[in-house]
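Colleague: Given next are the chains, with one letter for each unit.
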Amino acid sequence: MTTPTVHKDTEKGTMTVISLFDAPVERIWRLWSDPRQLERWWGPPTYPATFVDHDLTPGGIVNYYMTGPEGDRSGGQWRIRTVEAPHKLEFEDAFTDDDGNVNPDLPVTVITVTLEAGTGAETRMSIHSAFPSPEAMEEVLDMGMEEGILGSISQIDDLLAEDA
Amino acid sequence: MVVEISTEAASDRVFHALADATRRDIVRRTMRAEHSVSGLARFYPMSFAAVQKHVSVLHAAGLVTKRRQGRQQMVVADVRAVRRARRLLDHLEALWLDRIDRIGAVLADDKGDNS
Numbered sequence: 302m303t304t305p306t307v308h309k310d311t312e313k314g315t316m317t318v319i320s321l322f323d324a325p326v327e328r329i330w331r332l333w334s335d336p337r338q339l340e341r342w343w344g345p346p347t348y349p350a351t352f353v354d355h356d357l358t359p360g361g362i363v364n365y366y367m368t369g370p371e372g373d374r375s376g377g378q379w380r381i382r383t384v385e386a387p388h389k390l391e392f393e394d395a396f397t398d399d400d401g402n403v404n405p406d407l408p409v410t411v412i413t414v415t416l417e418a419g420t421g422a423e424t425r426m427s428i429h430s431a432f433p434s435p436e437a438m439e440e441v442l443d444m445g446m447e448e449g450i451l452g453s454i455s456q457i458d459d460l461l462a463e464d465a
Numbered sequence: 303m304v305v306e307i308s309t310e311a312a313s314d315r316v317f318h319a320l321a322d323a324t325r326r327d328i329v330r331r332t333m334r335a336e337h338s339v340s341g342l343a344r345f346y347p348m349s350f351a352a353v354q355k356h357v358s359v360l361h362a363a364g365l366v367t368k369r370r371q372g373r374q375q376m377v378v379a380d381v382r383a384v385r386r387a388r389r390l391l392d393h394l395e396a397l398w399l400d401r402i403d404r405i406g407a408v409l410a411d412d413k414g415d416n417s
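Top line first, the protein sequences correspond to chains F and E. Counting from 302, one number per residue, gives the positions in the first sequence under the numbering used here. Counting from 303, one number per residue, gives the positions in the second sequence under the numbering used here.
Keep in mind the hints are simulated off the structure, nothing from the lab. It is possible that part of the hints are untrue.
What the hints assert, rightly or not - Just some of the chain F residues that point at chain E, by a computed CB distance under 8 Å:
hint, residue
1, 309
2, 318
3, 321
4, 322
5, 324
6, 326
7, 338
8, 341
9, 342
10, 343
11, 345
12, 352
13, 358
14, 414
15, 428
Glycine is no exception: its CB is placed at the ideal position from the N, C-alpha and C atoms.
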């Protein structure tokens, strides 16, 4: 595996991460199509994910929750838009409440996964994440420029990075 | 790692708060100077209660702080929180790079099994 490349578009509120894996496309697809495989990498070791529903068909629902060290849970739901095995998966990733219902107050991120065969047994995986309100992100950025606060607060930036 | 979860939740609150043009305008104005809620209400064609509600949403997202001054409620933007909002993409990047690392580990396990 080589170092992934990341492209962030702060104006559109999107991010694309491209990584190369030394495994065939079908193997990488299984990381998404098999819930037991997903559980091995979706959540960090301290917040492992459990996938309870996993219907990878257009319009299908995937429900999961992550369990924290204190037994605290946070849930998520994917609403599947596109499935073109083993090359493309597109879904809306939403947050759910304790009863597993989608929380309408929290924004939904659209994630597009694209897998392409590279040279030999390599697979190129592209993950594209789009925020629901790019305007919001853009304006937040503009605010910083407009107020000239970028420079004045850069010194405390590193401190903030720790508590962010 | 716990940071990853709390960051995701925090970023959602911030994005929800900033998805509204009035709220973005309130943040801009209160970055320049402290304003009372009633003073802010004069800028927008809406009721005092509606503006107060917008301020509450921003407050819940940590983007502004509030304090009482006599009968007035004063609002000022939390510059650090606004700065943090700009870091959200950076956090999203970290989240995915961690996931890709873990995928690499899962694939490495395959190789271990085969050999």
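Colleague: With reference to the structure, classify each hint as holding or not holding.
Modeller: Tested hints:
1. A cut of 8 Å between beta carbons decides the hint on residue 309 of chain F: the least distance to chain E is about 5 Å, and the hint holds.
2. The beta carbon of residue 318 of chain F is positioned within 8 Å of a beta carbon in chain E (closest approach about 5 Å), and the interface hint is therefore held.
3. Because the closest C-beta pair between residue 321 of chain F and chain E is about 10 Å apart, greater than 8 Å, the hint is violated.
4. Taken as an interface hint, residue 322 of chain F checks out: its beta carbon lies about 6 Å from the nearest beta carbon of chain E, inside 8 Å.
5. Taking 8 Å as the C-beta contact cut-off toward chain E, the hint placing residue 324 of chain F at the interface holds, the least distance being around 5 Å.
6. For residue 326 of chain F, the shortest C-beta to C-beta distance to chain E is roughly 13 Å, which exceeds 8 Å, and the interface hint is violated.
7. Look at residue 338 of chain F: its Cβ gets to within about 7 Å of chain E, closer than 8 Å, so that hint holds up.
8. Proximity of residue 341 of chain F to chain E holds as hinted, the smallest CB-CB distance being about 5 Å (cut-off 8 Å).
9. With a cut of 8 Å, the hint placing residue 342 of chain F at the interface with chain E holds, because the nearest CB-to-CB distance is about 4 Å.
10. This hint holds: residue 343 of chain F has a C-beta 7 Å from the nearest C-beta of chain E, less than the 8 Å allowed.
11. Look at residue 345 of chain F: its Cβ gets to within about 4 Å of chain E, closer than 8 Å, so that hint holds up.
12. Given the 8 Å rule on beta carbons, the hint for residue 352 of chain F is violated: about 14 Å separates it from the nearest Cβ of chain E.
13. The beta carbon of residue 358 of chain F is not positioned within 8 Å of any beta carbon in chain E (closest approach about 23 Å), and the interface hint is therefore violated.
14. A distance limit of 8 Å between C-beta atoms decides the matter here; for residue 414 of chain F the minimum to chain E is near 11 Å, and the interface restraint is violated.
15. About 6 Å separates the beta-carbon of residue 428 of chain F from the nearest beta-carbon of chain E, less than 8 Å, and the hint is met.
Checked against the numbered hints above, the structure violates hints 3, 6, 12, 13, 14; every other hint is satisfied.
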